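Chemist: What follows is each chain in one-letter form.
Protein chains: 6
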Amino acid sequence: MDAQLKELEEEIGKVPLIVQKWAKEDPALKDWVTEMDKHIWKDGKLSRQTKKIIAVCVAAALRDRHAVRAQAAGASNLGVDYDEMEEALRVTFLLAGMPAYTYGRTAIDDFMKK
Amino acid sequence: MDAQLKELEEEIGKVPLIVQKWAKEDPALKDWVTEMDKHIWKDGKLSRQTKKIIAVCVAAALRDRHAVRAQAAGASNLGVDYDEMEEALRVTFLLAGMPAYTYGRTAIDDFMKK
Amino acid sequence: MDAQLKELEEEIGKVPLIVQKWAKEDPALKDWVTEMDKHIWKDGKLSRQTKKIIAVCVAAALRDRHAVRAQAAGASNLGVDYDEMEEALRVTFLLAGMPAYTYGRTAIDDFMKK
Amino acid sequence: MDAQLKELEEEIGKVPLIVQKWAKEDPALKDWVTEMDKHIWKDGKLSRQTKKIIAVCVAAALRDRHAVRAQAAGASNLGVDYDEMEEALRVTFLLAGMPAYTYGRTAIDDFMKK
Amino acid sequence: MDAQLKELEEEIGKVPLIVQKWAKEDPALKDWVTEMDKHIWKDGKLSRQTKKIIAVCVAAALRDRHAVRAQAAGASNLGVDYDEMEEALRVTFLLAGMPAYTYGRTAIDDFMKK
Amino acid sequence: MDAQLKELEEEIGKVPLIVQKWAKEDPALKDWVTEMDKHIWKDGKLSRQTKKIIAVCVAAALRDRHAVRAQAAGASNLGVDYDEMEEALRVTFLLAGMPAYTYGRTAIDDFMKK
Chain G
421 MDAQLKELEE EIGKVPLIVQ KWAKEDPALK DWVTEMDKHI WKDGKLSRQT
471 KKIIAVCVAA ALRDRHAVRA QAAGASNLGV DYDEMEEALR VTFLLAGMPA
521 YTYGRTAIDD FMKK
Chain B
421 MDAQLKELEE EIGKVPLIVQ KWAKEDPALK DWVTEMDKHI WKDGKLSRQT
471 KKIIAVCVAA ALRDRHAVRA QAAGASNLGV DYDEMEEALR VTFLLAGMPA
521 YTYGRTAIDD FMKK
Chain V
421 MDAQLKELEE EIGKVPLIVQ KWAKEDPALK DWVTEMDKHI WKDGKLSRQT
471 KKIIAVCVAA ALRDRHAVRA QAAGASNLGV DYDEMEEALR VTFLLAGMPA
521 YTYGRTAIDD FMKK
Chain F
421 MDAQLKELEE EIGKVPLIVQ KWAKEDPALK DWVTEMDKHI WKDGKLSRQT
471 KKIIAVCVAA ALRDRHAVRA QAAGASNLGV DYDEMEEALR VTFLLAGMPA
521 YTYGRTAIDD FMKK
Chain A
421 MDAQLKELEE EIGKVPLIVQ KWAKEDPALK DWVTEMDKHI WKDGKLSRQT
471 KKIIAVCVAA ALRDRHAVRA QAAGASNLGV DYDEMEEALR VTFLLAGMPA
521 YTYGRTAIDD FMKK
Chain P
421 MDAQLKELEE EIGKVPLIVQ KWAKEDPALK DWVTEMDKHI WKDGKLSRQT
471 KKIIAVCVAA ALRDRHAVRA QAAGASNLGV DYDEMEEALR VTFLLAGMPA
521 YTYGRTAIDD FMKK
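Protein chains in written order, with the working numbering: chain G, 421 to 534; chain B, 421 to 534; chain V, 421 to 534; chain F, 421 to 534; chain A, 421 to 534; chain P, 421 to 534.
Just so you know, these hints were derived from the structure itself, not from any lab. Since the model is a prediction, treat every value here as computed from it, not as a measurement. Each hint should be verified, as a subset may be incorrect.
What the hints assert, rightly or not - Computed beta-carbon distance windows for the label pairs: (1) V:E429 - P:E445: 47 to 53 Å; (2) V:K465 - F:D446: 19 to 25 Å; (3) V:L437 - G:K465: 44 to 50 Å; (4) B:Q440 - P:Q440: 50 to 56 Å; (5) V:P447 - G:G464: 56 to 62 Å; (6) F:G464 - A:Y502: 50 to 56 Å; (7) V:P447 - P:D529: 16 to 22 Å; (8) P:N497 - V:P447: 28 to 34 Å; (9) G:K441 - P:N497: 30 to 36 Å; (10) F:Y502 - B:E427: 25 to 31 Å; (11) A:D529 - F:Y502: 34 to 40 Å.
In this text, a Cβ means the ideal position worked out from N, Cα and C, and glycines have one as well.
All chains, full assembly: derive it from the sequences and hints.
Modeler: This is the structure we're talking about:
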């Protein structure tokens with residue numbers, strides 16, 4: 421993993437496999453995506469942890485099995501608090517139904533520590 | 421609007437029209453939904469404002485025109501910071517594409533103050 | 421509107437504009453789609469009315485503004501009972517969140533008689 | 421499982437794991453959700469069986485693997501007729517495409533008796 | 421597999437299991453769907469290969485695990501070029517986010533030859 | 421509009437309003453997104469026109485009213501052939517249902533010349 425990807429890993433908790441593939445196949449694309457990702461995920465008005473909470477909620481609402489697990493793993497690596505995460509998923513429950521909450525809850529129960 | 425709904429309005433910034441209809445049509449259903457809503461939206465591990473930010477992001481990811489506008493209006497009433505909200509939507513951009521960001525950005529530009 | 425489309429109108433309450441366009445542009449495609457549609461929408465194990473209720477619920481869950489209004493109009497033409505339709509949408513509320521119910525409720529309040 | 425959850429099981433065929441978790445973690449939330457669920461799923465203008473058919477169709481349209489299987493299992497427990505269920509899924513096919521039908525058909529073939 | 425289904429297999433690379441079930445359960449429905457499918461998938465203004473590329477992109481955007489794998493397998497059978505397919509998925513990345521690209525990329529890496 | 425955005429306009433037919441806002445608010449983000457967009461939309465294994473066709477199909481499948489109209493307008497500016505576009509949308513019809521086709525067809529009938 422190159423230096424740019426290592427730095428990204430610190431920001432987001434887990435570098436997607438896709439970005440690692442692009443690093444070999446199309447380094448220019450990898451560069452733009454990596455810089456954009458680092459810029460968006462870093463601490464700003466909102467902390468990295470809060471952004472990760474949002475990401476899990478969005479992935480759960482979309483019933484996206486890949487993303488919800490990847491984001492939950494990233495949240496775990498960044499030290500996101502389990503109870504904050506679970507509380508956030510209740511908003512997803514209201515907006516997208518119990519099954520969306522289920523996607524999120526299953527992922528955090530598999531990848532985060534209570 | 422009855423006392424229970426007024427209290428809900430303070431928590432979430434804006435009571436959905438649907439809950440107001442249920443208050444007349446099916447008070448028992450209104451009661452459970454209102455109590456559940458108050459419980460989920462109130463300040464807890466996460467603030468009401470952070471929960472509203474999550475709600476806008478989820479609605480934007482779902483390309484839900486009704487919800488994204490209603491949540492943005494609620495965010496405005498709760499005094500959510502525009503720049504925090506916009507930063508959160510960038511996470512939605514990464515997870516659900518530029519058009520999802522567009523749904524959210526359009527709603528907050530129409531309903532929130534910069 | 422040709423005889424085949426008139427017959428379809430009786431089954432489904434409202435022929436989609438698209439099928440009418442295909443009738444001119446590609447009659448063979450119109451024929452297969454029309455026959456398939458008639459076959460699926462007609463009274464069978466489930467009545468045409470129950471199928472229309474399902475269609476409104478599915479369109480609402482997908483946050484599909486075009487389909488939810490078209491299906492609600494078709495439901496009205498077929499004499500679907502408003503209260504049955506509203507009760508069905510509560511299932512959509514549980515499965516897909518309050519905003520999905522809102523899509524459906526708005527459409528039936530605009531297109532069906534209480 | 422407490423008395424309230426047992427009663428819910430009779431209405432819906434299968435209590436979601438999530439509600440059982442909430443029974444321990446947050447009994448008040450469990451209570452509102454359980455009462456709301458019982459109220460919505462019980463025989464009314466539409467039978468419990470018809471509501472379950474709608475639920476499977478909605479979950480299939482959303483490509484929701486968890487929900488479509490859970491609802492199909494619940495449908496089986498409530499004695500929903502396989503042929504009625506399959507006919508309903510054809511409406512989902514029209515509204516949401518062949519792959520949505522596939523989600524539903526796979527679930528009912530795994531969880532219901534022909 | 422009957423002659424009609426064999427012909428369809430040549431057009432689309434892989435006949436869905438569902439159509440094969442309908443061939444036994446409801447031959448009339450199978451006939452309309454098969455004719456419609458052959459008509460839509462065949463070489464026209466766009467080649468069969470380009471249509472398959474579109475199908476993979478749409479299934480990936482919908483996070484549809486069944487469809488994205490089935491379409492990727494069909495693309496492989498029709499000799500779709502891997503690099504064209506991957507380039508197309510980048511459009512899905514822009515429109516529907518990195519996780520949508522991931523659904524597509526995973527499917528083509530499992531089912532197509534580089 | 422700066423030089424970079426003008427160049428992007430040539431590739432994609434229409435620069436999203438959002439990118440123009442980012443040009444003022446956050447030039448670094450605008451730069452990465454613009455470079456990534458140019459790279460992905462430019463002629464490659466697939467032509468810019470074919471990529472635009474894919475984009476309309478994906479936006480239609482997602483029932484994304486903003487994106488489907490923006491992409492249809494971009495397709496028109498790039499000289500995409502109406503009949504190719506309509507044929508592509510039939511694949512969306514199969515994968516995501518008639519209402520998804522309707523989203524796409526409505527947009528191209530409003531924004532493209534036959």
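Chemist: Hint by hint, say whether it matches the structure.
Modeler: Consistency of the hints with the structure:
Range check, E429 of chain V to E445 of chain P: about 52 Å between beta-carbon atoms, so the 47 to 53 Å window is met. For the pair K465 of chain V and D446 of chain F, the supplied restraint of 19 to 25 Å is violated, since their beta-carbon distance comes to about 41 Å. For the pair L437 of chain V and K465 of chain G, the supplied restraint of 44 to 50 Å holds, since their beta-carbon distance comes to about 46 Å. Our hint of 50 to 56 Å for Q440 of chain B and Q440 of chain P is violated, since their Cβ atoms are close to 39 Å apart.
Our hint of 56 to 62 Å for P447 of chain V and G464 of chain G holds, since their Cβ atoms are close to 58 Å apart. The supplied range of 50 to 56 Å is met by G464 of chain F and Y502 of chain A, whose beta-carbon atoms lie about 54 Å from each other. Look at P447 of chain V against D529 of chain P: about 19 Å separates their beta carbons, and that is inside 16 to 22 Å. Checked against the given bound of 28 to 34 Å, the beta carbons of N497 of chain P and P447 of chain V, roughly 32 Å apart, stay inside it.
K441 of chain G and N497 of chain P have their C-beta atoms about 32 Å apart, which keeps the hinted 30 to 36 Å range intact. The given range of 25 to 31 Å is broken by Y502 of chain F and E427 of chain B, whose C-beta atoms sit roughly 47 Å from each other. For D529 of chain A and Y502 of chain F, the Cβ-Cβ distance of about 37 Å falls inside the hinted range of 34 to 40 Å, so the restraint holds.
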